[in-house]
Amino acid sequence: MKDHDAARSRFSVAEMVGFGSYVMSILLLFLDARLSIIPLACFLMLCMVAPFLPRFSFFLPVISRGKSGKKAVAITFDDGPDPLSTPELLRLLLEHDAKATFFVTGKRASQYPEVIRKMVSLGHSVGNHTYSHDSLIMFKSSRTLTKEIESTQHVLRRLGIRTYAFRPPVGITSPRLCPVLQKCGLHNINFSCRAIDGGNRWIDGLSRKVLNRVRPDDIIALHDTMPKDENLLAQWLKEIELILSGTEAKGLAILPLSEIIEKPIMTTTGIDVEVC
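Per the working numbering: the sequence shown = residues 65 to 340.
No lab work stands behind these hints: they were computed from the structure.
Any given hint might turn out to be false.
[What the hints assert, rightly or not] Within a straight-line C-alpha distance of at most 27 Å, the following computed DSS-like cross-link-like pairs (lysine-lysine) qualify:
| # | residue 1 | residue 2 |
| --- | --- | --- |
| 1 | Lys-211 | Lys-327 |
| 2 | Lys-163 | Lys-314 |
| 3 | Lys-171 | Lys-327 |
| 4 | Lys-211 | Lys-247 |
| 5 | Lys-314 | Lys-135 |
[To be verified] Now the in silico label distances, taken between C-beta atoms and shown as ranges:
| # | residue 1 | residue 2 | range |
| --- | --- | --- | --- |
| 6 | Ile-101 | Glu-305 | 48 to 56 Å |
| 7 | Thr-331 | Gln-299 | 34 to 42 Å |
| 8 | Asn-295 | Lys-131 | 37 to 45 Å |
Ideal Cβ placement from N, Cα and C applies to all residues, glycine included.
All chains should be built: construct the whole structure from the sequences, respecting the hints.
Laid out in structure tokens, this is it:
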């Protein structure tokens, strides 16, 4: 099975489409040379659009929803941890007996290691969200991208965490990402349901937007960073609580991400040292 999967994924969708476009272009040369540019132009346009489609496995395999077949969803939070909002969120999740996955940045994880430890102690999982959360990181050099991902892996390892899950900032992918993830032993996990909250800049109607869209096997993407106005923390927590209770009211259980996608998210190494 593993050999079969490896053979099946040897070429990305982008590579196969690119090859097909090239062949079609050559064939069109014999019909009308003016038409031969069309397949290549379409392929180029697709390459320009694909990075911004978080559910499109174009450059590499992208997990954007579960395959459990259960009436269940997974809930994920990006961009943290935050020393104020994340502990409040952990309390809320505990009240609802809900397990989440936190895609954390290496910079914040190194700043607030005690929050990461609290996440793990409560049974939540942790994923890699790059070190500095540069929204345009996918358009920078392979060396820069590798450093961002490996640095976060290093921070998490020092906290006793070996994660296998990566989520790119804003869900943007690129051709450079696949070899880096293969080197680090990570799989790309995006999402199938989000409210587009601007990193908690826009929290009005957050729960309504999510609950109107959520379906079985969805991966819900939210953020655990402090709202831009600290006075809105209580409102944000209320929106999250409405999402948790509303999802349950729709008959959808909130399960760990690993159960939804049927892949491991992280393991603990038993080694935890101070992060400087």
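Going through the hints against the structure:
1. Lys-211 - Lys-327: holds, 25 Å
2. Lys-163 - Lys-314: Holds, because 18 Å separates the two Cα atoms, which is no more than 27 Å.
3. Lys-171 - Lys-327: Distance ~26 Å between Lys-171 and Lys-327 Cα, so the pair holds.
4. Lys-211 - Lys-247: holds, 12 Å
5. Lys-314 - Lys-135: holds, 9 Å
6. Ile-101 - Glu-305: 48 to 56 Å: The hinted range 48 to 56 Å holds for Ile-101 and Glu-305, with Cβ atoms some 55 Å apart.
7. Thr-331 - Gln-299: 34 to 42 Å: holds, 36 Å
8. Asn-295 - Lys-131: 37 to 45 Å: Holds, at about 41 Å.
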